Every structure is written in C-alpha cells, then in structure tokens.
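S.K.: My request is simple: use the sequences and hints to build the entire structure.
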Amino acid sequence: MPPSGAEVPGLDSWLDYISTVHPSEIELGLDRVRTVANNMGLGKVAPKIVIVAGTNGKGSCVTLMEALLIKSGRSVASYTSPHLSHYTERIKIDGKPIDEASICIAFSHIDECREGVSLSYFEFSTLAALWIFCQANIDVALLEVGLGGRLDAVNIVDADVTVISSIALDHQDWLGDNLDSIGREKAGILRSGVPLVYGDAEPVGSIIELAQKLGAPLYLINKHFQWEITKDDCHWRWSGCNENGALSVHELAIPALHLNNASIALQTLSLLNIDLTKVSVQKAFKTIQFQGRQEHRLDTETGVDVILDVAHNPAAAKFLAAAMSAKKAQYPEFSQISVVIAVMADKDIEGIALSLESCVDIWYISQVEESRCMASEEVEKRLQSSGHLRQWVRTESVVNAYRQACKDSCSFARENPGKKQLVVVMGSFYTVAAVRNLSDSVG
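For the sequence shown, the residue numbers in the numbering used here are 6 to 448.
Rather than coming from a laboratory, the hints here were simulated on the basis of the structure. Owing to the predicted nature of the structure, the values given are computational and were not obtained by experimental measurement. Any given hint could be a false lead.
With a straight-line Cα cutoff of 16 Å, these simulated EDC-like cross-link-like pairs (lysine to aspartate or glutamate) come out [claimed, not checked]:
#1 Lys333 x Glu362
#2 Lys386 x Glu355
#3 Lys386 x Asp353
#4 Lys323 x Glu362
#5 Lys228 x Glu207
#6 Lys76 x Glu94
#7 Lys49 x Glu207
#8 Lys291 x Glu256
#9 Lys323 x Asp353
#10 Lys323 x Asp175
#11 Lys333 x Asp366
#12 Lys236 x Glu256
#13 Lys76 x Asp99
#14 Lys283 x Glu256
#15 Lys425 x Glu338
#16 Lys323 x Asp205
#17 Lys76 x Asp280
#18 Lys386 x Glu374
#19 Lys76 x Asp144
DEER-style ranges, computed between Cβ atoms [said to hold, decoys possible]:
#20 Ser363 x Ser80: 42 to 48 Å
#21 Lys49 x Ser253: 31 to 37 Å
#22 Lys49 x Gln335: 26 to 32 Å
Heads up, the beta-carbon is just placed ideally off N, CA and C, and yes, glycines get one too.
M.R.: Spelled out as structure tokens, the structure:
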C-alpha cells in the first residue's frame, strides 16, 4: 500500500505505487492475475461481455459500441487503455469516467487480496476495472485487450462475443514478427462456441484456423457483414446477420469515423440481440468524439488547424495518410501538411515514415518524457539513412516542436494568402497527450 502519512492515499499515490510493485512494466501471463482475481472473489462482471483485441481500431470499436448501447437504453461499462488526459478515462460507466475514490477503493482491495503476488500496472488496472464493474448494475461490459490477447490480463474473463478489429505488424518483440504469429496471440481471446467478429478484409490464416478448431462461429467483414456508400455519396448502409437471420440499416448519414470499425460494432451488438434502428445508430454516431484519433482541434495560441492521432505503426500511419490526403482534396486551402512525431523505441519508424511520406511536406522530429521513447536524434538518423526526409526540424521537446510547427504554419499562411499548412501530431499516446491541452476542440 502506498505511504499515506496523515491522509488516505489519493489516486496519484496509488498510481505511483502500482508502477513500482512489479519489477517490469510488461509481463504477459495469466497465473498471477487469476490467483488475485480468485482471492478477490471476482464473479461475472456483467450479464453480457464483449472482449476486443486487435492491432488498430480496438479502442474505436469499444467507443462505438458504448455509444450504440447507451442510445439503445442499455447500461454499459467500458475498460480501455492507455488514457490521454486522466487515468479515470480507462474505466467508464455509461460513457462517464469513474470517480477517483472508487478506483482507490478498488486498488486497496486488490492490494489486500494479492497476498504478496506481484502485479504489473496494467494488471492492477484490469482487476480494478473488473471489480468496479462487478459492483455496478450494468447490462454489458466492453473490455479492450492491452497487448496481444492470449496472455493479456483481460483474458481471465470469458466473453459472450469476441472481436478482433485488425491485425498488423506491431509489438513484434512480444507477439512475433509475422501476421500469423501476431494473429495467433490475439486469437487467444477466442472460446469454444463463442462468436468471433473479425474486421480484416484479408483474414489472417491463424485466426481462421483457431476459430474453426474451437468451433467458434466466425463473422467476417465483406462476407457475413459489410458496409457500402450509396450512389449519391451522401449515405451509407450496413448489413449483417445473427442467429435470427439477415439484418440491415439503410440511409445512414456518413459519419466522421472509420466505417470498418462502425460495421464491426454493429455486427457485434447484433450478436447480443441489441435492436439497431436507423434512429438509434444515427444518434449514437453523431455524439461520438474520438480523442486522439484524427481529432481536429485548433491551436490555442495561433488558431492553426491541428490533427491529433495516436497512430504508432505503419498500418495506422497508412490509414492516417489516406485521411490527410482526402482532407487536402476536400479542402484545397490545406496545401501543405507538417507532421510532429515522437515514437517509442520499439516502433518501426522507417515503416511509419514510408506510409506517410507521400503527403508530408515537413517533419518536426521530437521526443517525449517517457523512458521508452526513441531519442529524436535516433529518429533523425534512421530516417536520414532510409531516405525518408526531405525537409525537417529536430528538437528534443515535443511541446517545442508542436509550438514551432504552429508558428511556421502561421508564417506559411501569411506568405501564401488563401493557403494553409495543416499540423498533424502523431506517433504515440504519449505524444498526443503531451500537446493536447495546448489546443481547443472545434465547434
């Protein structure tokens, strides 16, 4: 338990404490977590449970399902990681972050029950979320896997529906260096007879094999469920299925979100027999705000347009590049794009840059105050060696890099009337979190 002095430990004290209990930041495996969960007497966290794994898109899928469930009148709990602004964002009831006191009570209970068993920061967090959900009167729990799936702490829970949003190369040191290996790890959340909703247009073989071996009903995008834009380019429609037959929702206004993830969310909830009407879907998607996912904001000091995105692997960077190219086509005044980037040391910075280089005019290479961050000098060296840099600025502070990019964007606008330079901040959750409070939401 954290030192309390004369006062009851607050959340900051607990977070400092759980960061030091375990000798390593990441240790995959379920034995320790299961032992403590049993000591806590954890039961089923909700009548219906969805577990979401995947390389990219899993957090967005949780956010989409959360909004849909709220609009359908269900009580929903969600657990995601990491957070951008405040730890409480990780654990939500009906879309609202849980209060700090409840988290502290949960941490205290876990600490009493662990009886000397060492737990990582993420394992403490996961058990806290599960314990809080057990106390709440909720209909559905949405649980996002932290890393991988098979050995992730979330996997002590058995789901009613499992989701794999996508598979791409990331965290190779932990999950393997090819898609089949990564897919096999993420497919560890599958259970015999439990449906899997899978969102890759080109499915990874190891996932299909394991689903078939376990007898897990498989729902594949573009085969069992799909989305399409209507001929007028103003609407989209979704179609899917469950045990009762075919389902569809038509004439939906096109939202500012990834329709693949929206389609996955709709298919998943259809398997829970949630009624999906055009009205409820429209209302849900209208209210969603994705923090740190192609999030459009305005710099507080200069008013410059800023896009914040936590993309940190080549696949996510490729998707971001497509979105930025589309924005330039839609808004011709954005004639240039500058990218402020800081990444963790285990990331494929060359692959990220390759995915982005066709739409980036100037790079602002930086780093964040995090022990796992790749030094800006190393990023510069590797991108120079790979030939991905044409014009760039390097600084050791992501905040300074961001401020410089915004000032340069202002200068560009003054020198080029009618044109703008869009500033994109990306590379990790830490990167976005470091500068997000320097900008304001749009609208």
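S.K.: Given the hint that Lys291 pairs with Glu256, does the C-alpha gap stay at or below 16 Å?
M.R.: holds, 14 Å
S.K.: With a cut-off of 16 Å on the C-alpha distance, tell me whether Lys76 and Asp144 pass.
M.R.: Within the cut-off at roughly 13 Å; holds.
S.K.: Within 16 Å, alpha carbon to alpha carbon, are Lys323 and Asp205?
M.R.: holds, 15 Å
S.K.: Mind checking the alpha carbons of Lys425 and Glu338 for me, to see if they're no more than 16 Å apart?
M.R.: With a Cα-Cα distance of about 6 Å, the restraint between Lys425 and Glu338 holds, given a limit of 16 Å.
S.K.: What's the verdict on Lys76 and Asp280, does the C-alpha distance respect the 16 Å limit or exceed it?
M.R.: Holds. Lys76 to Asp280 sits at ~10 Å (cutoff 16 Å).
S.K.: Hinted pair, alpha-carbon criterion (16 Å max): Lys333, Glu362. Please report holds or violated.
M.R.: Within the cut-off at roughly 15 Å; holds.
S.K.: Check the hint pairing Lys323 with Asp175 against an upper bound of 16 Å on the C-alpha distance.
M.R.: holds, 14 Å
S.K.: Has the given pair, Lys386 with Glu355, been kept, meaning a C-alpha gap of at most 16 Å?
M.R.: Roughly 11 Å between the alpha carbons, so the hint for Lys386 and Glu355 holds.
S.K.: Does the alpha-carbon distance linking Lys323 and Asp353 stay inside the 16 Å limit?
M.R.: holds, 13 Å
S.K.: Between the alpha carbons of Lys386 and Glu374, is the straight-line distance 16 Å or under?
M.R.: violated, 20 Å
S.K.: Given the hint that Lys228 pairs with Glu207, test it: the Cα-Cα distance must not exceed 16 Å.
M.R.: Holds, at about 11 Å.
S.K.: Is it true that the CA of Lys283 sits at most 16 Å from the CA of Glu256?
M.R.: holds, 8 Å
Taken one by one, the earlier hints fail for this structure at numbers 6, 7, 18, 22, listed in ascending order.
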